[in-house]
Amino acid sequence: MNGLESPGPEVVRVRITRTDLRDFATSIGETRLLYLSVRSARAAGHRDLPVPPTYLFGLALRTGNPFGWAAERGLDMARTLHGEQSFEYSAMTFAGDTLTLSSTCGPLTVARSGARLLTRRTTVSRAEEVVARLELTLVCPAAPA
Amino acid sequence: MRAQAPEVTPALLSAFAAASGDANPMHLDPEVARAAGHDDVIAHGMLTMAWLGRLLTEHSPQARLQSFRVRFTAPTPLGAAPSLSARVVDPATRGPVRLLLTAELADGTVTAVGEATICP
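Protein sequences appear in the order of chains A and B.
Here the first sequence stands for residues 8 to 152, numbered as in this note's numbering.
Here the second sequence stands for residues 0 to 119, numbered as in this note's numbering.
Excised from the complex, chain A in its bound form (with noise of 0.2 Å):
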């Protein structure tokens, strides 16, 4: 775990598995075999099962505590909620892969509405290539008057 006296970036490591994959695309409701059946996937000439454009965010989270940076860093997590999510994808990634997920948490900052918001970026790298970086802005409102 990561806390304020040790900024440095907090890293995760994952290998993708095809069945996580497919319950990944069962549960958004996925149904072409693109991204279900390594079969279909090899027909439309990928290596494995891809993975979906937003699957990467939970892997971020694959911490023994996904929210604690938000929570050590004073956000009332029983109030936040996700404002802003961003990707940029520079490779696609597939079942099978080791994937290096290293993320940093900006300052909290005070919007004008008196919302507190927080970002996180990360930073996605198979073996050296760097594949995809993401960008998680949390929100919580200011508290009830």
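Among these hints, one or two may not hold up.
[Said to hold, decoys possible] Pulled from the structure, derived: some chain A residues nowhere near chain B, Cβ distances all over 12 Å: (1) 16; (2) 20; (3) 46; (4) 92; (5) 113; (6) 139.
[To be verified] Simulated restraints on C-beta separations: (7) A/79 to B/73: 36 to 44 Å; (8) A/36 to B/112: 20 to 28 Å; (9) A/54 to B/99: 29 to 37 Å; (10) B/73 to A/134: 19 to 27 Å; (11) B/108 to A/122: 13 to 21 Å; (12) A/49 to B/36: 44 to 52 Å; (13) A/45 to B/93: 22 to 30 Å.
The hints are simulated quantities; they were obtained by calculation from the structure and are not laboratory data.
Built from N, CA and C at the ideal position, the CB exists for glycine as well.
Starting from the known structure of chain A, arrange chain B on it as the hints suggest.
Frame of chain A, contents of chain B only:
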């Protein structure tokens, strides 16, 4: 392009929480959600974004997707079945294709707005 999301149910949210790794209790525990001022649990923003991602990869092969961003503008309550849309901006211009994305509830509440760029 348009698509209709399935109805949001507690079972759907718990399946998505397990599969996505986002187990924030706001999406799973009605007491936590009520304490935060909601009527009941609300859907994960990332579930809406995953649905929008499906729409994008139906529009173009995923390998062409360069960027994808969404701002969550309102909660998605239980029982909602958001309408999803992706619309090409400036179809005549060259270069990457920009798509504007929205998710909207039946009463017109916009729950997410976003943008994606796709290699031509």
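Any hints from earlier that this structure breaks? Give me their numbers in increasing order, please. Failing hints, ascending: 4, 6, 7, 10, 13.
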